[in-house]
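Residue numbers (our numbering), protein chains in the order written: chain A, 1 to 498; chain B, 499 to 667.
These are calculated hints, taken from the structure and not from any lab test.
Just so we're clear, the structure is a prediction, and the values are computed from it rather than from any experiment.
The beta-carbon is built from N, C-alpha and C at its ideal position, and this holds for glycine as well.
Careful, some of the hints might be misleading.
[Unchecked claim] Among chain A residues calculated to face chain B with C-beta under 7 Å, some are:
#, residue
1, W207
2, H239
3, D243
[Claimed, not checked] Capping the alpha-carbon separation at 27 Å, the derived lysine-lysine pairs in DSS-like fashion look like this:
#, chain 1, residue 1, chain 2, residue 2
4, B, K539, A, K362
5, A, K351, B, K590
6, A, K397, A, K263
7, B, K590, A, K242
8, A, K271, A, K465
9, B, K539, A, K242
10, B, K590, A, K383
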Amino acid sequence: MTKELISLTLADMRAGLRSKQFSAAELAEAHLQAIEKTNPHYNAYITVTRDKALAMAGASDTKLAKGQGGLIEGVPVGVKDLFCTKDVLTTAGSHILDGFHPQYESTITTKCWEQGGVMLGKLNLDEFAMGSSNMTSYYGPVKSPWKKNGSNADLVPGGSSGGSAAAVAACLAPVALGTDTGGSIRQPASFCGIVGIKPTYGRCSRWGVVAFASSLDQAGPITRTVRDSAIMLNVMCGHDPKDSTSVPMDVPDFEKALTGDIKGKKIGIPKEYRPDGIDPEILAMWDKGIKLLKDAGAEIIDISLPHTKYALATYYIIAPAECSSNLARYDGVRFGLRVGGEEGLAAMYEKTRAAGFGAEVKRRIMIGTYVLSAGYYDAYYKKAQRVRWLIAEDFRKAFEKVDAILTPTAPSAAFGFDYKPSNPVEMYLNDVFTVPTSLAGLPGISIPGAINKDGLPLGLQLIGKAFDEAMVLNTAYALEQAIGFNAKPQSLQMGVAA
Amino acid sequence: MSQAQGNMIKGNTGDWEIVIGLEVHAQVTSNSKLFSGASTKFGNEPNTNVSFIDAGMPGMLPVINEVAIGQAVRTGLAINAQVNLRSVFDRKNYFYPDLPHGFKFNRLMQEADRVDVLDFATRTQRRTRLTHRHVSVAAHIAFFHIAIAGADIAHDSAQFFEIGDRFIG
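Between the sequences and the hints, there should be enough to build the whole structure, so can you do that?
Following this line, the structure appears as structure tokens:
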């Protein structure tokens with residue numbers, strides 16, 4: 001029963017709870033037991049909030065018994081540890097936030113709890129969401145439930161929402177909250193054979209989310225189906241007066257948008273997303289996706305996004321610049337780690353930050369400080385902003401002709417922990433297909449597209465116009481039905497999970 | 499060296515012209531701070547007029563105080579200044595004990611405002627050119643005693659006009 005319960009989709013859990021086939025308390029307990037049994041292996045959760053989960057589930061059962069409750073009443077939710085949660089340790093995957101228990105609750109998590117979500121705990125991530133493998137976390141790497149055929153070697157779940165993706169793939173949460181700055185929801189969803197959507201910049205409040213790059217950060221859900229993502233976006237989206245960049249726009253019912261009918265819709269295929277040397281299996285998956293959309297009645301249109309090749313370089317100027325400024329507050333004075341202090345303030349700043357930040361975060365702070373410094377600001381940061389505008393223009397022009405754009409999500413399948421890039425840029429290449437969407441602020445979803453010859457999932461990405469998540473979700477829904485992806489992680493089959 | 503002789507003094511290696519620049523910080527009248535709802539009331543206990551954003555807590559976001567901007571525009575109109583329809587705040591980054599975020603908000607980089615020259619009639623009826631009138635956030639007040647050192651961040655994020663005459667960078 002436990003194993004069946006935790007492998008249900010959010011939609012099925014919602015139905016089962018409303019029809020009282022099982023209680024929210026049972027559902028929470030089933031997940032908590034699975035977490036206690038397998039999290040020591042996966043390391044997906046940094047903090048498990050057992051007492052909170054059971055208390056919230058009890059409150060949900062009371063509401064459900066009266067036929068009341070919110071959109072996800074009684075459904076367990078895992079939270080990326082970048083969202084501030086009141087009185088619950090919030091780490092951002094960093095040593096420098098040691099012992100930080102916020103006195104406030106982020107808008108997104110507040111919305112989840114208001115709609116009946118049950119908090120399971122805080123999920124591991126790359127430090128300050130900087131990484132594509134979850135290997136930069138102070139709390140150690142997360143292991144994916146997927147393995148290559150015939151191999152017992154552990155693989156990365158992707159990043160930075162690696163704990164979120166691994167937890168959802170391993171049935172340690174039906175849904176998880178993630179954040180996406182350059183691909184941090186979509187790439188791990190792709191690596192873990194599940195669904196992840198980054199909504200339009202401004203759709204979800206950033207209030208209470210530890211900032212990495214403020215002009216790019218956006219919250220979104222990681223789920224096992226497109227419908228579940230639509231349900232979660234109904235919970236998460238909306239204007240927040242506390243976030244001036246959240247947009248005061250009506251939010252449509254995303255679940256109702258899932259008709260599966262995409263007849264006559266125009267789908268753009270950008271030629272720039274076929275770089276030399278790309279894995280032929282990725283191309284085969286992409287071609288199959290194109291064919292399936294065509295079969296479903298969509299019109300396929302070749303498009304060009306000519307500035308795509310500059311996206312990665314642009315991103316790796318803008319994101320570190322913003323991070324170097326946003327992370328200046330971690331100085332050991334008011335919260336988190338403090339090292340030294342006896343030899344004066346400047347020494348304490350230096351020692352705290354030297355000990356508190358990991359190598360990747362330090363690298364980005366240094367790059368960011370450099371590109372913002374006097375004399376280089378115009379050459380790097382300002383120029384990058386201009387190129388960013390050109391990239392957004394590419395999409396704007398393309399969307400005059402098409403309703404959505406289909407691309408692969410990542411240039412490869414998940415890799416192992418033995419993967420040692422010869423330089424940091426090699427790791428950054430993981431984000432080559434997701435970063436342009438982020439720079440343009442557009443919504444993008446990753447859904448499982450195929451299983452490669454090694455038995456690992458590959459993701460397909462659909463990109464939409466700003467605030468047209470409904471179109472993105474419906475196209476993804478149609479594609480999901482057509483692909484019929486039903487592969488499960490080997491670890492689950494072998495019974496590593498409950 | 500065409501200045502009036504009264505402005506010159508004799509130095510060892512030549513004559514020096516005396517130029518005096520003024521930078522005036524004037525607090526904007528409003529009940530709450532520029533980027534938070536915390537009170538601007540003077541004289542409260544240290545660290546009581548503080549909100550999470552003032553303290554630079556992780557995940558907190560600034561929301562502009564509409565009243566303060568209204569006051570800035572009114573002031574601009576009163577002194578015959580050019581009021582820009584588009585304004586951008588930039589961050590000035592540095593580490594300091596009275597700077598919880600590690601940066602302060604300024605309007606510096608905006609091109610249209612870079613040389614924000616304002617006409618202003620002084621009491622002597624000489625036309626004075628003002629530059630850089632902008633709204634900025636004050637760093638808080640650091641205070642030190644013999645036995646304890648502390649910082650009052652209640653002052654942080656109160657809004658100020660920074661009014662410099664043309665001799666101030």
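Here is what the structure says about each hint:
1. Hint status for W207/A: holds, given a least beta-carbon distance of 5 Å to chain B, under 7 Å.
2. Interface hint at H239/A: violated, since its Cβ lies 12 Å from the closest Cβ of chain B, which is beyond the 7 Å cut-off.
3. Interface hint status for D243/A: upheld, as the beta-carbon distance to the closest one in chain B is roughly 5 Å, under 7 Å.
4. With a C-alpha separation of about 40 Å, the suggested pairing of K539/B with K362/A is violated against the 27 Å cut-off.
5. Distance hint between K351/A and K590/B is fulfilled; the C-alpha atoms sit about 23 Å from each other, no more than 27 Å.
6. Taking the CA atoms of K397/A and K263/A, the gap is near 22 Å; set against the 27 Å cutoff, the hint holds.
7. Simply put, K590/B and K242/A have alpha-carbon atoms about 23 Å apart, close enough for the 27 Å limit, and the pair holds.
8. Proposed proximity of K271/A and K465/A is supported: the alpha carbons are some 19 Å apart, at most 27 Å.
9. Restraint check for K539/B and K242/A: the C-alpha separation of about 22 Å stays at or below 27 Å, so the hint holds.
10. For the given pair, K590/B sits about 19 Å from K383/A by alpha-carbon distance, which is consistent with the 27 Å threshold.
In summary, the structure is inconsistent with hints 2, 4 from the numbered list given earlier, while agreeing with the others.
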